[in-house]
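Read off the chains here:
There are 4 protein chains.
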Amino acid sequence: MSHARQMLDSYPRTVNVDRGVLAAAIDAISDCAQACTADTDADLSEQNLAEMVKCIRLCLDCTDICTATGGIISRLAEDDPSATRPLLEACVAICKTCGDECARHVHYEHCRVCEQACRRCERACRELLAALK
Amino acid sequence: MSHARQMLDSYPRTVNVDRGVLAAAIDAISDCAQACTADTDADLSEQNLAEMVKCIRLCLDCTDICTATGGIISRLAEDDPSATRPLLEACVAICKTCGDECARHVHYEHCRVCEQACRRCERACRELLAALK
Amino acid sequence: MSHARQMLDSYPRTVNVDRGVLAAAIDAISDCAQACTADTDADLSEQNLAEMVKCIRLCLDCTDICTATGGIISRLAEDDPSATRPLLEACVAICKTCGDECARHVHYEHCRVCEQACRRCERACRELLAALK
Amino acid sequence: MSHARQMLDSYPRTVNVDRGVLAAAIDAISDCAQACTADTDADLSEQNLAEMVKCIRLCLDCTDICTATGGIISRLAEDDPSATRPLLEACVAICKTCGDECARHVHYEHCRVCEQACRRCERACRELLAALK
Numbered sequence: 000m001s002h003a004r005q006m007l008d009s010y011p012r013t014v015n016v017d018r019g020v021l022a023a024a025i026d027a028i029s030d031c032a033q034a035c036t037a038d039t040d041a042d043l044s045e046q047n048l049a050e051m052v053k054c055i056r057l058c059l060d061c062t063d064i065c066t067a068t069g070g071i072i073s074r075l076a077e078d079d080p081s082a083t084r085p086l087l088e089a090c091v092a093i094c095k096t097c098g099d100e101c102a103r104h105v106h107y108e109h110c111r112v113c114e115q116a117c118r119r120c121e122r123a124c125r126e127l128l129a130a131l132k
Numbered sequence: 000m001s002h003a004r005q006m007l008d009s010y011p012r013t014v015n016v017d018r019g020v021l022a023a024a025i026d027a028i029s030d031c032a033q034a035c036t037a038d039t040d041a042d043l044s045e046q047n048l049a050e051m052v053k054c055i056r057l058c059l060d061c062t063d064i065c066t067a068t069g070g071i072i073s074r075l076a077e078d079d080p081s082a083t084r085p086l087l088e089a090c091v092a093i094c095k096t097c098g099d100e101c102a103r104h105v106h107y108e109h110c111r112v113c114e115q116a117c118r119r120c121e122r123a124c125r126e127l128l129a130a131l132k
Numbered sequence: 000m001s002h003a004r005q006m007l008d009s010y011p012r013t014v015n016v017d018r019g020v021l022a023a024a025i026d027a028i029s030d031c032a033q034a035c036t037a038d039t040d041a042d043l044s045e046q047n048l049a050e051m052v053k054c055i056r057l058c059l060d061c062t063d064i065c066t067a068t069g070g071i072i073s074r075l076a077e078d079d080p081s082a083t084r085p086l087l088e089a090c091v092a093i094c095k096t097c098g099d100e101c102a103r104h105v106h107y108e109h110c111r112v113c114e115q116a117c118r119r120c121e122r123a124c125r126e127l128l129a130a131l132k
Numbered sequence: 000m001s002h003a004r005q006m007l008d009s010y011p012r013t014v015n016v017d018r019g020v021l022a023a024a025i026d027a028i029s030d031c032a033q034a035c036t037a038d039t040d041a042d043l044s045e046q047n048l049a050e051m052v053k054c055i056r057l058c059l060d061c062t063d064i065c066t067a068t069g070g071i072i073s074r075l076a077e078d079d080p081s082a083t084r085p086l087l088e089a090c091v092a093i094c095k096t097c098g099d100e101c102a103r104h105v106h107y108e109h110c111r112v113c114e115q116a117c118r119r120c121e122r123a124c125r126e127l128l129a130a131l132k
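Residue numbers (numbering that gives the first Met the number 0), protein chains in the order written: chain L, 0 to 132; chain C, 0 to 132; chain D, 0 to 132; chain X, 0 to 132.
No lab work stands behind these hints, which were simulated from the structure alone.
Worth double-checking, as some hints may not be accurate.
Same chains, same names: a pair is fine if it fits in one copy or spans any two.
[Unchecked claim] Listed below are the simulated SDA-like cross-link pairs for lysine to any residue, each with C-alpha atoms no more than 25 angstroms apart in a straight line: (1) LYS95 x VAL20; (2) LYS132 x ARG103; (3) LYS53 x ARG12; (4) LYS132 x GLU50; (5) LYS53 x ASP17; (6) LYS53 x TYR10; (7) LYS132 x GLN46; (8) LYS132 x ALA102; (9) LYS95 x PRO80; (10) LYS95 x LEU128; (11) LYS132 x ASN47; (12) LYS95 x GLY19; (13) LYS53 x MET0; (14) LYS53 x LEU75; (15) LYS132 x MET0; (16) LYS132 x HIS106; (17) LYS53 x LEU131; (18) LYS53 x LEU128; (19) LYS53 x ASP8; (20) LYS53 x ALA22; (21) LYS132 x GLU88.
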């Protein structure tokens with residue numbers, strides 16, 4: 000259980016977006032960043048390393064972009080849409096690409112779980128983008 | 000719900016530490032990093048800014064150290080104890096200091112919630128340190 | 000002096016972009032992330048805190064986005080343009096907004112220096128975007 | 000050229016440590032974080048992947064710890080030594096371990112350059128630790 004929703008509910012300023020949608024995005028992003036970090040390490044433990052290289056690189060990208068996006072959407076009071084929107088679009092894109100790559104390795108349970116985390120994050124970021132319109 | 004435990008359970012190598020303790024630490028660290036980011040922003044929205052400056056700085060430190068610690072303990076296969084132990088000790092220390100400072104502002108609900116996240120993270124990192132012995 | 004250019008020159012794969020432009024962007028991004036972190040702390044030390052809040056928030060956003068962008072463009076081998084392009088656009092946007100805000104506080108030397116770091120980073124990211132076309 | 004020293008020289012509060020030592024540590028840490036990110040990607044491009052796995056993992060750890068340390072030492076005004084000292088010790092340790100591992104692969108120019116970045120960072124963090132005493 001995260002404290003993301005409680006932090007939003009105690010925020011001293013108005014939050015100009017549905018708090019449920021925002022809290023869901025924050026949680027999905029934290030989770031996806033961690034799952035991709037763990038999947039990188041799990042991939043590095045497999046025998047067929049050459050086939051896992053693309054997955055490793057995309058997981059690293061996904062962690063970096065999710066970490067930044069989680070920071071920015073946790074500080075929405077002084078939101079600069081000219082940065083927040085393309086950042087969320089980058090996050091949707093990398094979650095899609097990374098999820099698709101993980102889906103090619105679902106015979107590895109860790110890639111199957113990581114794919115789920117990526118899909119959930121992609122969906123949550125799309126919903127936040129729609130809610131911010 | 001995070002996927003941290005599922006990622007650990009599908010890890011291809013042996014994990015030399017109790018998986019429950021490790022998953023709890025990973026979740027508490029992610030949560031604390033986010034709560035501190037949100038609390039920084041909430042603090043910046045209060046009237047008595049001068050009194051919140053110390054809390055803001057400690058929350059920023061706490062987020063940075065938690066983010067690094069979460070990465071390192073998500074990749075425990077090639078663990079270097081000479082780095083992991085002091086890093087966990089730094090994480091325990093900053094969660095303690097930051098939680099203590101938040102406790103001075105519990106009339107703000109956001110500081111009360113952030114204190115909880117810091118205390119949980121401090122406890123989870125102490126337990127992980129003990130389990131790694 | 001950074002090792003960014005030497006790392007690029009020793010990269011085992013082809014780099015599909017001008018190495019000078021890429022190294023300049025990597026250096027400008029690292030520098031901007033650090034300058035914004037330092038400026039956040041310097042702002043928090045000023046008397047007129049209420050006037051500095053917007054600058055603090057934008058500096059925090061700028062650090063997060065620069066850190067992610069620096070990671071992604073340091074791993075260009077498996078480049079996913081659907082994520083890299085909007086991320087670079089987000090980086091250009093936040094450097095512009097943050098630089099503009101710092102420019103409002105140039106009576107503070109730290110904001111004047113931070114503005115320079117933001118402008119250099121904005122320019123370097125624009126040049127990289129153009130070079131990636 | 001970074002703006003780290005200029006940011007320190009314009010800091011509104013007293014900095015309780017030699018500014019030259021601190022600026023050198025900030026620059027070495029930023030550089031090492033980036034070199035390790037680039038070396039991870041370069042390692043992933045080599046043929047003998049199985050031999051590079053340890054180097055990749057240590058480079059990832061080194062980037063994470065350097066990034067956190069760079070943030071904390073850029074905000075020294077509200078320094079909490081109980082966190083800063085073990086964090087710097089963790090940074091020294093991971094730079095040593097990662098540099099030693101890179102030294103085993105100096106037939107790869109990228110590992111040779113990354114080793115240099117790690118050694119410089121280890122030295123700069125040791126000097127900062129001594130200066131903070």
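Violated hints, by number in ascending order, as checked against the structure | The structure conflicts with hints 2, 4, 7, 8, 11, 13, 15 and 16, although it agrees with all the remaining ones.
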